[in-house]
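Undergrad: Each chain, written out:
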Amino acid sequence: MSVAKVPRETLAIALGADELASELAQAGHEVVRTGSCGLCWAEPMIDIDGIAYGPVTDLADLEAARLGPVDTLPDLARQERRVFDRCGRADPFDYDPAWLCSQLERDPVEMIGEIEASGLRGRGGAGFPAHIKWRTVHDTPADQKYVIVNADEGDSGTFADRLIMEGDPFRLIEGMLLAGRAVGADKGIVYLRSEYPLAAEIFARAIASARNMGLLEAFDMELFVGAGAYICGEETSLLESLEGKRGEIRAKPPVPAIAGLFGKPTLVHNVITLCAVPDILESGGANYAALGVGASTGTMTFQLAGNVKKGALIELPFGVSLRALIEDWGGGTRSGRPVGAVQVGGPLGAYLKDEQLDTPMTYEALAAIGAGVGHGGIVVFDETVDLVLQAHYAFAFCAHESCGKCTPCRIGAVRGKETVEAFMASAQGDDELAIIRDLCDVMEQASLCQMGGMTPIPVRSALGLK
Amino acid sequence: MLEPGSEETRVRDIATVRVDQIGGTIAALSDVVRTFGHIERRHMEIVADVFNLTVAEIRGIVSFYSDLRTEPTGKRHIRICQAEACQSVGGRELTAATASRLGIGLGETAADGSVSLEAVYCLGLCTSGPSATVDGRAVPFATVEALTE
Amino acid sequence: MRNGDVDFGTPAVPAEAGAEVSLTVDGHSVTVPEGTSIMRAAAQIGIPVPKLCATDSLQAFGSCRLCLVEIEGRRGLHASCTEPVTEGMAVQTQNDHIADIRRGVMELYISDHPLDCLTCSANGDCELQDMAGAVGLREVRYEDGSNHLDAGADASNPYFSFDPSKCIVCSRCVRACDEVQGTFALTIDGRGFGASVKTGADDFFSSECVSCGACVQACPTATLMEKSVIDHGVPDRVVRTTCAYCGVGCSFKAELKGDQVVRMTPDKDGFANHGHSCVKGRFAWGYANHRERMLEPMIRDRTDAPWRAVSWDEAIAYAAQRLKTIQAEHGADSIGGITSSRCTNEEVWVVMKMIRAAFGTNNVDTCARVCHSPTGYGLKQTFGTSAGTQNFDSVAHADLMMVIGANPTEGHPVFASQMKRRLRQGAKLIVADPRRIALVRSPHVEAEHHLPLLPGTNVPLMNAFAHVVVTEDLVDHDFVRERCDLASFEEWVAFAAREENSPEHVAEEIGVPAGDIRAAARLYANAGNAAIYYGLGVTEHSQGSTMVMAMANLAMATGNIGRPGVGVNPLRGQNNVQGACDMGSFPHELSGNRPIGDEALRGQFENAWGVEIGEEPGFRIPNMLNAACAGEFKAMFIQGEDLAQSDPNTQHVEEALASMECVIVQDLFLNETAKFAHVFLPGTSFLEKDGTFTNAERRINRVRPVMAPKIGMEEWKVAQALANALGYPMQYGSASEIMDEIASLTPTFANVSFDLLDRVGSVQWPCTDDAPTGTPIMHRETFVRGKGMFVLTDYQPTEERANRKFPLLLTTGRILTQYNVGAQTRRTDNIDWLDEDVLEIHPADAELRGVREGDWVAVTSRMGEISLRATVTERVVPGVVYTTFHHPDTGTNVVTTDLSDWATNCPEYKVTAVEVRPANHRSSWQETFGVRLAEQTGLLPQT
Ligand SMILES: Cc1cc2nc3c(=O)[nH]c(=O)nc-3n(C[C@H](O)[C@H](O)[C@H](O)COP(=O)(O)O)c2cc1C
Ligand code: SF4
Ligand code: FES
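One line per chain: the protein sequences are A, B and C, in this order.
Quick note on my numbering: the first sequence kicks off at 1449 and runs consecutively.
Quick note on my numbering: the second sequence kicks off at 25 and runs consecutively.
Quick note on my numbering: the third sequence kicks off at 16 and runs consecutively.
Only chain A is shown next, with the shape it has when bound in the complex:
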């Protein structure tokens, strides 16, 4: 009997995957529900006996959607899939814990050493070296420590956390258990945004299944679903939220690694950061560090989104250029018009122009042009983009999502939005630009957190302010 793999993933389902699955079952296929392999442009993408089809709209005309053998599909084969190696290939619940169990015997200090050797940096946005946090949590004495997974993925243009939680939840469970072992925590919490109901469902089921397998005896975990606040992706806001409070930013110090949830040492990591851990511990930190460029080691899960023909998640070593990603992998804009601007790294990321697209995707190279990798989201705009409007949006988004604690962000975002409006209405606009320039300095220098602190990045880049 032939085996048909059909993704059980939000986008694929919205595009008819469930219906396809039942039709395939009716047609006598053994249907396996997998995750998505990340080729979103091809969703619903199905795999029948090793041959990929997508996007499949009509089973009757399957051949029209034929992509070829999955194993050699260039869009997959050319990637360096370390985090996503399993995602989309099998039923995620068909999980063998043997390897994980063997790893949970390892010496914590040695594990932290591997993380250090790997050069792994946080994938949530700040790119902070993971091992420093691990060692701090490990070294801070306490009766209770936590591992917290930041799955609040609020950046426009990003969906990596969702894909892996829907498609390979055990990868995250592995990462959490390993981190817990290394830092000496026995409790893990995943903070998932409410906009991802399917991820919540699948991940909750995975926790239950892990518990049944006896994996959660020394380290328990639970899933917390947020209630609609972008700022809760910022780690201290997230901690406040997990304490059941308003998600207002906490001043640092103390850092969460020393005093985090309920004042206890807490390791906070993005989903993808933790999902990189199993591979590092399996193949060795040095092996991982061999990928990438300089201090940007390993792979990054780039997410091609917006006005792009082949939107997808592409896992590649750091160093690939933006242009390659957009053109080679993304096939250019969806509209067919020339690229007008690319926003890299979410709503707090810079708008890059054509002449900047050859920048290699590394923390250092992007920093050098005033941009950042962020969570790896790449949003492509075509030439019709109105960058003044985008600057306006950057302020508006900050105004909408500001926690309201600190003044530069609370009032500044609104004044910024209003001043961009005044700029649009005014003939000359020099005065307004001067005010915006000063305001950006104030927000950048004085904001309590990076919400207000980084809003100037999209604003300045969109308006061409230095």
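Please keep in mind that the hints were generated in silico from the structure rather than gathered at the bench.
Small disclaimer: the values here were computed from a predicted structure and weren't measured.
We put the beta carbon where it would ideally sit given N, CA and C, even for glycine.
One or more hints might be untrue.
[Unchecked claim] Listed below are the simulated DSS-like cross-link pairs for lysine-lysine, each with C-alpha atoms no more than 30 angstroms apart in a straight line:
#1 A:K1635 / C:K443
#2 C:K242 / C:K725
#3 A:K1693 / C:K443
#4 A:K1712 / C:K443
#5 A:K1635 / A:K1693
#6 C:K443 / C:K272
#7 C:K272 / C:K242
#8 A:K1914 / A:K1801
#9 C:K283 / C:K725
#10 A:K1700 / C:K283
[To be verified] The following residues of chain C were derived to be distant from chain B, with all beta-carbon distances above 12 angstroms:
#11 A34
#12 P610
#13 V626
#14 K732
#15 E752
#16 A765
#17 Q951
#18 G953
[Said to hold, decoys possible] On the chain B side, residues computed to face chain A include the following (Cβ under 7 angstroms):
#19 I50
#20 S54
#21 G84
#22 Y89
#23 E108
#24 S112
#25 V113
#26 C146
#27 G148
#28 L149
#29 T151
#30 S152
Fit chains B and C with the ligands to the given chain A structure using the hints.
TA: Relative to the frame of chain A, chains B and C with the ligands by itself:
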């Protein structure tokens, strides 16, 4: 003295399960929204009592999170993504057209309660925008027709 | 300038916490304890860093972003309030870049703020205004943006207004409510630009706010503002003094504009309150200027005759004449007097001395008789000192608090805030009280055990605790061996171990399951630092003294005495209960609680005063009243106390007062007792007094005159004049001289002087050579009496028991906004919170009697009947009803009995068997009250 099955009992039960949980207040209030559609002052009072917090604190929490709505949605609830990836493929235009088709603005509910329109900031469907949800169901490549028919 | 006048921005880090760190700020070096913020370190060397959200009464918050500084070797700017110092750090608080950024932040603030500084009520007292100046803001370039300028003001609270159009969302009010007061009544609502301060309700008055005013004090702008400041303007001078309400004894800065008190601000330097206060102390001082205040002396021959306003000379001469006549006819001991725990130590001393020396009798007692006399007795017997063992701050070290018969959140709110802070840090709590008081469960506080014992069963409860401690061997043997009298301990062990004292045996009698008692006793004994706090629910019983000793026994047996975090601590009712007792206003004791029978001691006083003092104890208050009814006691000087409202069995008190030939009342208002008086001598409010109060932790606080005495002289001069008129010369020139005499004759007050107090702020007696500035914690090395003495505490049930006719037990108490008989608080806007006394009754008892919420009910005891409104609540357990005694027309004490503590006669207010039934009219006493009120008002001089 609580009557079984009364609204007060239900809210109390919803909240009580969450008391010792991490983020319990938010989870309980989310459950209230799920059960009753929105949160009223009297719900807040009960949740405050169960968690041994003040009504002020609960109010502060409710008002912080967009999901913890204090007004009912329309019978049909449409959310359209306003974030950049969707903007790049016509999200603004879709929003404007949908609003004018329905005769209500973002954040509004039709006078007859039939439909409400809300902004959302990224649904994680950024390859396939403009994105929206209708009654919680994801709609990639959204069009006015798909949202309003 | 005192520390309290400088705002260091962030709280001090306890020096004991760790190492010292040295750094430089703008090139100047400074050394501070590790953990100190840069802001505080800078402030300590006189470098003020601009700030708005920081204030040293609150934890650093880091939201205003004005306090940014540069740190050498680190990128960017850092908030100096949240950034701790590190060794060798070099901080720059000022340069052009910093100035630009700060100005930019300020520009944002002002872009959403009314530009009406000159007409604003806070003009000159506004941190926003100050900071705008400090950062040099000249112009605001943002025009016509969205703003909050139209947000309407909330004037619902009688004392302060909330004008959100001026709010800068610094959260200081919210944080003050949380951190300082512990009520959590405020929140930030919404987020981003929409963030605003809200209560949980539509306005302040209907919210969870308890009106302590901490938010008003914390607000850096005119958003939260005292209405008195709005009305009168910003104060220009300050007098430091002490609150005259409860036994916490909060220190205040009375802030004046000219002679007008504009507001009372709790003093950060106050050791009892650390800058916090309650609704009474902060706001309810307006009675001092109330139109009903009596300012002229009055006399009359008979109580149904009109009052005549007379000169001081005439009033004093008249009083002296009548007293002399009575004594001539009926003997020296036919008169007496009582001192007031509301008055200063000095005023009490003079009245006490007047009675002993000029009246020539030991018939002197104090109103502390009716509240805490068992404390004095019980703690003296066991520990050797008639006072609590700890300072308030000690509670910060308690791992467990056991609160018995006290309702701190209502009665001692400022201390309650300190308790709650400790509870939020994880200390455990046991509440033994017939009512579900707020501490049992209220936001952020939850007692481990509530033992809702029936009124009158304290002693068996404590005996059951003792039983558990003894039989489960939870005794601290080392402590007992070293510190206690072993013979008495052995006897006590044998007593406690008796089966009749087991939890199982007493459970039914006291109405608490044995398991709960056992668990609570274990918790207490095993807690580490366990502290007992108690109030009138312990003392006002026929076995009040027994209970005090039972608690003392328990504390000794478990080693909970003599260090921070433990102890046996009375929460004294009135401001100067401790002081009035210390001053020797007891018939059997001279000052410092020393027996009058001690000849050598009497000799000292006789030498100093030049009179003879009788060796026989005089009458206690109840004896005076009984003797008056019997026709043997004829005249009484009553200093600042309203016997007719506050003492039990009102009808008996009234009969006694009516039987006397000369009743002299000194008070602020024509109180209930004054309706039976022949001489009325006006007194002074605390705002007019110069002297000292001693609070519940033995702290002697200075009371300083904020305004000139409205009666034309200091209050103690009245008693001095009367003494002189009676032929006993008294020539004090000032209150400070009186204190010098007190100190010279009273070992516990030795070394105390106004000088010392003005120098160090306040002291807790005794001031010894080892502890020249006072003794926060007593019985550290040894007990004052030597070895701690265990006393057997047999349970003798009160005669007052529920029966078929009177099946419910009434217990009484007070509420936050009102104070005792309400003489002061009823004459302030506090009346908005409680304009009548109501009866709390459990739903089951209410249903049985057909009583619904708000119904009028009659409460009948074997003494009398009153009617009042009922409120149906589970705060009381079935079988128990509760009311307050703040309103004279209620006549709560009409129903209370004249049973009293066996040792000290402290009345048994807390247990009265009653029946409750629906009523549709006032009781006959209440009718009479109304008639008498009208009559007596008609007898006042017309003005
Ligand atoms: C406004 C704001 C939003 C953020 N949102 C997220 C998010 O959604 N997911 C995330 O992993 N990190 C987010 N971050 C970063 C986190 O604060 C934090 O750096 C991260 O969770 C650390 O994990 P990492 O070391 O694995 O990157 C956000 C930061 C800011 C300032
Ligand atoms: S920058 Fe914005 S989001 Fe961050 S603390 Fe300030 S107000 Fe809150
Ligand atoms: S930006 Fe619209 S779904 Fe992500």
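Undergrad: Name the hints, by number, that the structure is in violation of.
TA: As far as the earlier hints go, only 6 is violated by this structure.
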